[in-house]
Each structure stands twice: as C-alpha cells, then as structure tokens.
Amino acid sequence: MSRRSKYPEQFRRDAIELVNTSDRPLRQIARELGVNHETLRSWVNTANQAVEVGPVEDPAVTDEVQRLRKQVAELQKEKEILRKAAAYFAKEMDR
Numbered sequence: 003m004s005r006r007s008k009y010p011e012q013f014r015r016d017a018i019e020l021v022n023t024s025d026r027p028l029r030q031i032a033r034e035l036g037v038n039h040e041t042l043r044s045w046v047n048t049a050n051q052a053v054e055v056g057p058v059e060d061p062a063v064t065d066e067v068q069r070l071r072k073q074v075a076e077l078q079k080e081k082e083i084l085r086k087a088a089a090y091f092a093k094e095m096d097r
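The opening position of the sequence shown corresponds to residue 3 in the numbering used here, with each subsequent residue numbered one higher.
Pair ranges (Cβ atoms, derived):
| id | residue 1 | residue 2 | range |
| --- | --- | --- | --- |
| 1 | E40 | F91 | 35 to 41 Å |
| 2 | E11 | E40 | 16 to 22 Å |
| 3 | G36 | I83 | 20 to 26 Å |
Hints were generated in silico from the structure; no laboratory data involved. For glycine and all other residues, C-beta sits at the position ideal for the given N, C-alpha and C.
Kindly generate the complete structure, drawing on both the sequences and the hints.
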C-alpha cells in the first residue's frame, strides 16, 4: 500500500525538469528545493524510464519543451547575476 506523496505532481515535474536542464549536482538541487536527494533521484529515474518506453512526442510539444528549457536556462543565469549583485551591494552597504 503506497501513501500519497506530500509533493504536488507539478512540483515533481518541475523538479525533474530542473535536474535535466541544470548543470548543478542533483544533491544541490534537492537541497535548494527542500527534498531528500534520494527522493529526487527516484523521481528522475522514474521519469527517464517512462520516457524510454513512452509514445513518440508531438513535434509541437518538443519545440515548446526546447523553448521552455532555453527560457529556464536564461532565467537561471539572470537569477545568478542578481544574486551576485545583491551580495556585492550588501557588502557595500556594510562599509
């Protein structure tokens, strides 16, 4: 008997997508999301197995996924720049 997950399906899909598109280690992503790394690894492995045996994707969906992955990568870069700028200005304010 399996119990219901405390994580919503959309959260799990987003976490899997983040792991698949990011160059950061799975453990780091899990820590940032507040999820056990083995739980996240299980989600990713399950999703990868489903993709291997799943139906052929619609080209329109594939194009949309590629566009969204590109957008996610760009937003992650922007977030990192803003994080560094905030740290820099915080140091300046302390002086």
